[in-house]
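**Student:** Protein sequences appear in the order of chains X and P.
In terms of the working numbering, the first sequence opens at residue 1 and continues consecutively.
In terms of the working numbering, the second sequence opens at residue 1 and continues consecutively.
Think of the hints as simulated: they come from the structure by calculation, not from any bench.
Note that CB positions come from ideal geometry on N, CA and C, so glycine has one too.
Where hints are given, some of them may not hold.
[To be verified] Derived BS3-like pairs: lysine-lysine, alpha-carbon spacing no greater than 27 angstroms straight-line:
1. P:447 x X:505
2. P:127 x P:98
3. X:113 x X:167
4. X:258 x X:193
5. X:451 x P:347
6. X:360 x X:544
7. X:193 x X:222
8. X:434 x X:112
9. P:447 x X:494
[Stated by the list, open to error] Counterexamples of contact, computed for chain P against chain X with all Cβ distances above 12 angstroms:
10. 94
11. 140
12. 168
13. 248
14. 399
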Amino acid sequence: MAYSCMRCSAGAGAGASAVRRGAAAMRAPAALSFVRCGLRRPAAAAAAKGVKAGMDAGVENPARSAAPSKVENGLPSEITLDDFEDLNPLSENDESTVTITVVGASGDLAKKKIFPALFALYYEDCLPKHFTIFGYARSKMTDDELRNMVSRTLTCRIDKRENCNEKMEEFLKRCFYHSGQYDSEEHFRDLDKKLKQHEGSSVSNRLFYLSIPPNIFLDVVKCASVSASSVNGWTRVIVEKPFGRDSDSSAALTRGLKQYLVEDQIFRIDHYLGKELVENLSVLRFSNLVFEPLWSRQYIRNVQLIFSEDFGTEGRGGYFDRYGIIRDIMQNHLLQILALFAMETPISLEAEDIRNEKVKVLRSMKPLQLDDVVIGQYKSHTKGGTTYPGYIDDKTVPNDSLTPTFAAAALFINNARWDGVPFLMKAGKALHTKGAEIRVQFRHVPGNLYKRSFGTDLDTATNELVIRVQPDEAIYLKINNKIPGLGMRLDRSKLNLHYAARYSKEIPDAYERLLLDAIEGERRLFIRSDELDAAWELFTPLLKELEEKRIAPELYPYGSRGPVGAHYLAAKYNVRWGDLTTEHKA
Amino acid sequence: MAATGLRFRPGTVFPSRATSPSTQPYHHCSPQRMHAAKGRCRLKAKSSNGRPQISASSSSSSFRDVVIDGGPSEDGAPEQGGATVSITVVGASGDLAKKKIFPALFALFYEDCLPEHFTVFGYARSKMSDEELRNMISLTLTCRIDQRENCSDKMEQFLKRCFYQSGQYNLEEGFSELDRKLKEKEAGKLPNRLFYLSIPPNIFVDVVRSASRTASSSSGWTRFIVEKPFGRDSESSGELTRSLKQYLDEEQIFRIDHYLGKELVENLSVLRFSNLVFEPLWSRNYIRNVQLIFSEDFGTEGRGGYFDNYGIIRDIMQNHLLQILALFAMETPVSLAAEDIRNEKVKVLRSMRKLRLDDVVVGQYKGHSKGGKSYPAYVDDPTVPSGSITPTFAAAAVFIDNARWDGVPFLMKAGKALHTRRAEIRVQFRRVPGNLYRRNIGTDLDKATNELVLRVQPDEAIYLKINNKVPGLGMRLDSSELNLLYSERYRREIPDAYERLLLDAMEGERRLFIRSDELDAAWAIFTPVLRELEERRVAPELYPYGSRGPVGAHYLAANYNVRWGDISSDT
Chain X
1 MAYSCMRCSA
11 GAGAGASAVR
21 RGAAAMRAPA
31 ALSFVRCGLR
41 RPAAAAAAKG
51 VKAGMDAGVE
61 NPARSAAPSK
71 VENGLPSEIT
81 LDDFEDLNPL
91 SENDESTVTI
101 TVVGASGDLA
111 KKKIFPALFA
121 LYYEDCLPKH
131 FTIFGYARSK
141 MTDDELRNMV
151 SRTLTCRIDK
161 RENCNEKMEE
171 FLKRCFYHSG
181 QYDSEEHFRD
191 LDKKLKQHEG
201 SSVSNRLFYL
211 SIPPNIFLDV
221 VKCASVSASS
231 VNGWTRVIVE
241 KPFGRDSDSS
251 AALTRGLKQY
261 LVEDQIFRID
271 HYLGKELVEN
281 LSVLRFSNLV
291 FEPLWSRQYI
301 RNVQLIFSED
311 FGTEGRGGYF
321 DRYGIIRDIM
331 QNHLLQILAL
341 FAMETPISLE
351 AEDIRNEKVK
361 VLRSMKPLQL
371 DDVVIGQYKS
381 HTKGGTTYPG
391 YIDDKTVPND
401 SLTPTFAAAA
411 LFINNARWDG
421 VPFLMKAGKA
431 LHTKGAEIRV
441 QFRHVPGNLY
451 KRSFGTDLDT
461 ATNELVIRVQ
471 PDEAIYLKIN
481 NKIPGLGMRL
491 DRSKLNLHYA
501 ARYSKEIPDA
511 YERLLLDAIE
521 GERRLFIRSD
531 ELDAAWELFT
541 PLLKELEEKR
551 IAPELYPYGS
561 RGPVGAHYLA
571 AKYNVRWGDL
581 TTEHKA
Chain P
1 MAATGLRFRP
11 GTVFPSRATS
21 PSTQPYHHCS
31 PQRMHAAKGR
41 CRLKAKSSNG
51 RPQISASSSS
61 SSFRDVVIDG
71 GPSEDGAPEQ
81 GGATVSITVV
91 GASGDLAKKK
101 IFPALFALFY
111 EDCLPEHFTV
121 FGYARSKMSD
131 EELRNMISLT
141 LTCRIDQREN
151 CSDKMEQFLK
161 RCFYQSGQYN
171 LEEGFSELDR
181 KLKEKEAGKL
191 PNRLFYLSIP
201 PNIFVDVVRS
211 ASRTASSSSG
221 WTRFIVEKPF
231 GRDSESSGEL
241 TRSLKQYLDE
251 EQIFRIDHYL
261 GKELVENLSV
271 LRFSNLVFEP
281 LWSRNYIRNV
291 QLIFSEDFGT
301 EGRGGYFDNY
311 GIIRDIMQNH
321 LLQILALFAM
331 ETPVSLAAED
341 IRNEKVKVLR
351 SMRKLRLDDV
361 VVGQYKGHSK
371 GGKSYPAYVD
381 DPTVPSGSIT
391 PTFAAAAVFI
401 DNARWDGVPF
411 LMKAGKALHT
421 RRAEIRVQFR
431 RVPGNLYRRN
441 IGTDLDKATN
451 ELVLRVQPDE
461 AIYLKINNKV
471 PGLGMRLDSS
481 ELNLLYSERY
491 RREIPDAYER
501 LLLDAMEGER
511 RLFIRSDELD
521 AAWAIFTPVL
531 RELEERRVAP
541 ELYPYGSRGP
551 VGAHYLAANY
561 NVRWGDISSD
571 T
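In isolation and in its complexed conformation, chain X is listed as follows:
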């Protein structure tokens, strides 16, 4: 079996696979469970043992906790290893279905990310056998028109072109469209009817993906939950950022959602958490002996979280201008990565245990001070005959906009592990490069025997661990090394793991992972309400101050390295940005 689907049992319902995974965890020898990826999911395993039942109780499916296996797939939980090996008979009997409704189907995200991710999951046999996809939006469209639209953005992975067209057709056959208003319960009731037709009499699970502007989140949630919830399976809602603009609006949104949904039905997506190297961060820390001893203020001098895009808003600044880079990137993506990076060892890999630790990190952090933030906005720039527009040249952006397109910030975690260690964040649009990376700069070697080889500034020769999230995934550790030769010259070289060189398979898009997680009820990579509150608390005072004082961003040319203010901010904490040194190559 291809390892992509080690995670999911081919053609099986989500519930069934969860039980099977549980069975694998309990019975199968290590190697086997490895392959089924059952062990990936302690939560699922625990569910099969009845441990997790309490958490799900009364949530999506009250019956589930009482007799999970029976309700979910109509099979007794005592699945033997033989059953487990023999997948097909199981799937034939598998009666649960999953319906994925993409609300806002004609939008950009849906076309570019959600439908392709669903297809990729289907192609890799990761979707349950019985699944249906519905597009929902206001515009009138037939099923065929939707299929046409979707088909334009579907691609097969470069390494798996086999049967691609066939698979595409099969997939498209299971895509349908329903047009309706976002605030009309009646239209959702019509959708419900259609869904029921597809579901037949089996246990129906429903996933709504809200790919819509935030101002209609609540309308849709209300209508969908009232008129289109599953009666006998689970109903889950995936919500995309923005989750409010500050503590108050975010709390209001949460309250609104919770009128209609319970916490466990809400899947707040942060697609950065679905990135391969972010997933790998915990593996690196907790499955290797060599990193954890170093993971504290004793050895780490600073941590840098860097995000850059090499393009601006390009005519689509309307949404962005209301939020700005801090809300758009820092408060969610970078902060989430920071929390994962800095958290204490969780009790287990189960979602609630991990999220508990993340919340602890966020709550130990000092709210951001204005002094510790630098903001910038790109201005137009002419290079080699091409003129790149400034941010305010964007027609969708007001002329006098002060919205930052760049921000750098220094944050601190006031706990025993991280006291005094600056965590520097930097995010910007229209910079000279694109990428996302985590850089961990270690302290200098105390009493370094080779100090004369380094000159006066010992900090220029410290170790650095770099986790490059995108593009060109890699992990490398910069070490000091002797240059081969008769002299004693030291050199910084890399202990390198370049993903493209080591892993030939294409790395799945973050959305695939997250969609699959939502279908499987794995909440590890989704943001819990209290996490969100804690995150906003860190940024809200600062955001208010920036806006009230109308602080002008430092202008930087399109395609440059960003405002120099970022360097001064770093210098204040005795840090040097690791991405802007001469030796760094993208």
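Based on these hints, arrange chain P on the given structure of chain X.
**Tutor:** What follows is chain P alone, placed relative to chain X:
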């Protein structure tokens, strides 16, 4: 100031390096490599120590630590004519001289690492003219692949400075004749003399006596490089040291262990002490075991005479592997000065338990036919007695009973006629306590531990095996490598160990040479077991030529809950 020094560097090399460090990134005979112009270099180091100008220059290039030279005669100011170095290769017609020493000298010359005034003398019993010597040498000289420019020119220039003197090893006549010729070449300059004894051990003392009496430098230093074997056991080694010391001071004796000149062995200390991320892990708290592995893929091939007298334990383990172990395990030295490092190494050796017979496995290769070709057994070698029980393979578990290493097995393995040729250090770390991912790893948590590998040869590399998530939707862990492959990162050819060591000897840098007390301590660990092996005539386990060695090595490792890292499916 010495003309050699002036010409050699600061005027020329130094500024160009400072202004364009990137154009010659790997040029190494930098000002920091301070050899012949010792007086000058020491002066410079002293005067500029800690001052801005030196830190500026050294940060852009490098700094070779100032050498503390205890040589007898270099405290005097160099004379007006400058200094000169004569290198006399005693045993010039031998194999080592032809294959290693002369080529290394030429490489140093080619790279401008020799002082301006130098003379190379060959000394041996056979009659030969200078020309004949030059012919002989020229057959083995090569230029580095990456530096072919002017190679023939340079060769000629080098050969012009090679001379030959024939004489007996135990007679002073030959050496006084040599002394006369040396004086001629030295032409009134401050004479420094280096003797490289590339001769059988039974004539070491004769040569040292004759040469030191009649051919010592009158005003400069005189040093002797001695090659292994340094005795067969504690007593014979002690005896040899005592005899050498009748004629030489400790500072004049340079016991060479060419493994210490290997690039990655040199780098071991750099890795440990100039990186923050390794030292915290360098103890029994994190390291489960250390493996020192040496293998050759050929046997004695008709030259087993010498080897049969010594065996693999003396030939490889007691010196090369033990030296690497000491460097690996030593505490942080006070400085990088030779005496500080050697002090720490001695401490490690003296903390080690004497090796017990139970902790040793010996083997000997037997004949083997593979793919129509048959490979001879060790005892088939005509130069080896047919009843020989000399081990051509040995594995041993040694322990360092100090606070840092108590209970950590250090496993050594060395063998000839194995399936592969390599030398490496493998550090296996403990498992992660309370591993969150234990279910992904299966029942044997030790299988998924981190491992740091320093591959000394061939194909120099450093890599750290880490557990990583296999990209994809599942959660599969995978052991992958954080890798530094030298050939990818450093395109320049890595100099031969002999080049480094010869240059060190000329510079009086003793860091990589073995001090008498180190040697004593090393023999003390091995002598009892060597004696027991011989007294009991312990028969070696036979293993086929070209195999992975006797299985006994696995059982030995298993005794200490270790798995050899080099013999697993993933390497």
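**Student:** Run every hint past the structure and note whether it holds.
**Tutor:** Verification of the supplied hints:
no., hint, in the structure
1, P:447 x X:505, "holds, 25 angstroms"
2, P:127 x P:98, "holds, 16 angstroms"
3, X:113 x X:167, "holds, 18 angstroms"
4, X:258 x X:193, "holds, 25 angstroms"
5, X:451 x P:347, "holds, 24 angstroms"
6, X:360 x X:544, "holds, 24 angstroms"
7, X:193 x X:222, "holds, 17 angstroms"
8, X:434 x X:112, "holds, 19 angstroms"
9, P:447 x X:494, "holds, 25 angstroms"
10, 94, "holds, 24 angstroms"
11, 140, "holds, 20 angstroms"
12, 168, "holds, 35 angstroms"
13, 248, "holds, 26 angstroms"
14, 399, "holds, 22 angstroms"
Consistency note: the structure conflicts with none of the earlier hints.
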